[in-house]
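Colleague: Each chain, letter by letter, is given below.
Protein chains: 2
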Amino acid sequence: MNKVKVNDPYLIFLGSETNPTYAKTGFGIADWQPEKCVGQFHLPGGSVDLGLEELSLEAAAEKGAKTLVVGTATIGGGIPADWITALKHALELGLDIAAGVHTRLADQPELVETAALLGRTLTDVRVPPRDIPVGTGKKRTGKRLLTIGTDCALGKKYTALQLSKELQQASVKATFRATGQTGILIAGEGMPIDAVVADFVSGAAEVLSPDNDPDHWDIIEGQGSLHHPGYAAVSVGLLLGSQPDVFIVCTEAGRTHVAGWPDFPLPSIEDVIERAIAIGSRTNAQIRCIGISANTSKLGEKEARDYLAKLSAEHGLQATDPMRFGMAEITQSIKSL
Amino acid sequence: MNKVKVNDPYLIFLGSETNPTYAKTGFGIADWQPEKCVGQFHLPGGSVDLGLEELSLEAAAEKGAKTLVVGTATIGGGIPADWITALKHALELGLDIAAGVHTRLADQPELVETAALLGRTLTDVRVPPRDIPVGTGKKRTGKRLLTIGTDCALGKKYTALQLSKELQQASVKATFRATGQTGILIAGEGMPIDAVVADFVSGAAEVLSPDNDPDHWDIIEGQGSLHHPGYAAVSVGLLLGSQPDVFIVCTEAGRTHVAGWPDFPLPSIEDVIERAIAIGSRTNAQIRCIGISANTSKLGEKEARDYLAKLSAEHGLQATDPMRFGMAEITQSIKSL
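Keeping their order, the protein sequence lines are chains G and A.
Oh and the first sequence: position 107 is 107 in the numbering used here, straight run, nothing missing.
Oh and the second sequence: position 102 is 102 in the numbering used here, straight run, nothing missing.
It is worth saying that the hints were derived from the structure and are not from the lab.
None of these values were measured; they are calculated from a predicted model.
Don't take every hint at face value.
Any copy will do: because identical chains look the same in the list, a pair fits if it lies in one copy or spans two.
DMTMM-like, lysine to aspartate or glutamate: derived pairs with alpha carbons at most 25 Å apart [to be verified]: (1) K165 - D31; (2) K139 - D263; (3) K165 - E110; (4) K66 - E53; (5) K138 - D263.
Looking at chain G on its own, in the form it has when it is part of the complex:
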């Protein structure tokens, strides 16, 4: 059974982008997997700098790049004409192409034709693989952790990435399991879980974290939130299929309402823990919360430390901002499990 897969080394394509905000995917890859990247490539006028070596397409091909990865997005998610010319040239130079933008590579006739002719691969990482099975609910070997949010877009991916990194540094067998487009490009494989047909969401999560060594940890990137008025179905399917042994609740200091749904207050951390255990215990009776990850980027350092200490005391759990203070305590807890 397949996941979405992208071969490295990558050349990160940045178009003619000048605003770093639109190159979040590129920064994500360069920050978390610089060793996967041979360099970055711009079109004329582009100025976003990921800190990678600036390469021509030809130089990237010579350096062994296997895949050109689109690391930026346009307003509206389209693929402009000048991109097509460059992407086609990359195919001609022997590279495959992968992208997570809204418009599909597979809907660009010129790219499809060239790729078919030359035997190259176009990978739309937002498109789920075929033949995803229905979830079985059967217990798998190995251990699993899922990041579960009080909302969308507040650090579930980066919490999972940081924890995977610290576990690996602490000699714990651990694999980051990606469920969204940026995560998939960072990891080189994964499952775009929110694009899967509803009947197969928990099956897709099962495929994502298959049987593994008894002492191996899958650190699974959460999506949406269990209390989200629009996206809870995704989160519930992911939770059931992931059958996590432990989970981390991810939140953001100061966020009071669901982003984009101003009539919906954020659930409390207590509510999230309770709901996650109620639902998750269906496929893993041992499920429990192991810590809180809070995005404190809007607070000063002292405020952030006080906020985390308060969270920790209130919930009797370790609480950290992974990007600011690391995850040493949670890593230690997992190591001792």
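Following the hints, put chain A in place on chain G, whose structure we already have.
Modeller: Just chain A, lined up with the frame of chain G:
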């Protein structure tokens, strides 16, 4: 925003089927909407009788049939060659075609070509419409009831159909809202909710039951179960998007485990009520359980009455088998709301 739609009057196509089990869709339509059907049509060798007038394709066209509806399924869900010949002839006679079988009409080149040439419509009722929005969670006008199961395939559709019928007979404004292929063909419209991409499930449920008169009831067909290891994502999205005021728990006497998932015990009715209220209160704070619908087909009449009386006493709710004893009490309760 679109639902899947099928125009009546129907001619029900039964192929050369001899086993009524495979013609469940045909029976569903003929039983619940005989007035929508001009008749039934067999291929040579077919013998399943829905109790409708036996018509040739020509006679059906003359009687005003607008859509040939495939009312039977083959093992494996395919569309045999002799079906194609007949379906093509129906298109030529002016009928559209609708089907809910696994193989898509849209994947049959001969039908697609003929339909395009003649301006006819092929409707695969398992295929969701395009442009389904993300769920907003905004409260809509009108009242809503959802049937919620302890498991799949135990009477959620028939409970909703029977209740819609009794409410209409009691002069309550009520509309059956279909979420599965048979329901959609019975109603002539609906949303194949389990085939919708996970991110859009609650949005699809919102489209299915739009704003309505304050005294109008949408009676929404449930899918899956909130405790299902494979399908819970569908059920959660449907619940959030339906924002029901009341729900009916549907179960089956004697079923102890999730059908097809023998390691998973059925949740208790109490658990289902609690979970439905916990999740559903996010989009409708007033949500409550109004009754229990039990499929008692495996019990004798006396046993069934005792079983229902016990359910009713245990849960302090009206309990009935809609197919056996009707839904007078629940209808009365809804009328008084």
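Colleague: Are the hints correct? Go through all of them and say.
Modeller: Hint check:
Taking identical chains as interchangeable, the C-alpha atoms of K165 and D31 lie at most 25 Å apart only when both belong to the same chain, with a minimum of 12 Å there against 61 Å between chains. When the C-alpha separation of K139 and D263 is checked against a cutoff of 25 Å, the pair qualifies only between copies, where the shortest distance is 10 Å, while the shortest distance within a copy is 38 Å. In this homomeric assembly, K165 and E110 never come within 25 Å of each other (Cα to Cα): the closest approach is 39 Å inside a single copy and 55 Å across copies. Proximity of K66 and E53 under a CA criterion of 25 Å is satisfied intra-copy only: 16 Å inside one chain copy versus 65 Å between copies.
Proximity of K138 to D263 under the C-alpha cut-off of 25 Å is restricted to the inter-copy arrangement: shortest distance 8 Å between copies versus 38 Å within a copy.
Checked against the numbered hints above, the structure violates only hint 3.
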